Amino acid sequence: MSLNRSEQRIFDYLQSQVDERHFWIGKVQKTLRGAGENPDEAVRSLEKALWDYHVERSAVARPLRDAVQAEGLQRTSMKNLAELLLRLWVEPKPQPKKASGGR
Numbered sequence: 797m798s799l800n801r802s803e804q805r806i807f808d809y810l811q812s813q814v815d816e817r818h819f820w821i822g823k824v825q826k827t828l829r830g831a832g833e834n835p836d837e838a839v840r841s842l843e844k845a846l847w848d849y850h851v852e853r854s855a856v857a858r859p860l861r862d863a864v865q866a867e868g869l870q871r872t873s874m875k876n877l878a879e880l881l882l883r884l885w886v887e888p889k890p891q892p893k894k895a896s897g898g899r
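Every number in our numbering is 796 more than the matching position in the sequence shown, counting from 1.
No lab work stands behind these hints, which were simulated from the structure alone.
Errors might be hidden in some of the hints.
Stated by the list, open to error - The calculated PhoX-like cross-link candidates involving lysine-lysine, where the alpha carbons are at most 25 Å apart (straight line), are:
| id | residue 1 | residue 2 |
| --- | --- | --- |
| 1 | Lys875 | Lys889 |
| 2 | Lys844 | Lys893 |
| 3 | Lys889 | Lys823 |
| 4 | Lys844 | Lys826 |
| 5 | Lys826 | Lys875 |
| 6 | Lys875 | Lys823 |
| 7 | Lys844 | Lys823 |
| 8 | Lys826 | Lys894 |
These numbers come from a predicted model, not from an experiment.
Please model the complete structure; the sequences and the hints are all you need to start from.
Below, the structure written as structure tokens:
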């Protein structure tokens, strides 16, 4: 999976900030539960929340602020990051076992 520059900066920022990462782990898991375990709906919700977070943190967090000052703040997709966080931070549902064709 390839992340755009904005997504990669947010991911790196979350990796470096323990409290922020813990907050987002909980948010990702709660969002999926709130979406009725529908990953597509959760991705849409997380994508918007991640963009809002990017805008908010870009005003105060040095690595994000510096990038926005250099590049500007233009809306970009956070969909790949949302999908990645769901894969990383949500336990996969166990697949039902197939009935064996017993004799």
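Going through the hints against the structure:
no. : hint              : in the structure
1   : Lys875 <-> Lys889 : holds, 21 Å
2   : Lys844 <-> Lys893 : violated, 36 Å
3   : Lys889 <-> Lys823 : holds, 18 Å
4   : Lys844 <-> Lys826 : holds, 15 Å
5   : Lys826 <-> Lys875 : holds, 17 Å
6   : Lys875 <-> Lys823 : holds, 15 Å
7   : Lys844 <-> Lys823 : holds, 13 Å
8   : Lys826 <-> Lys894 : violated, 30 Å
In this structure, the earlier hints numbered 2, 8 are contradicted, and the remaining ones agree with it.
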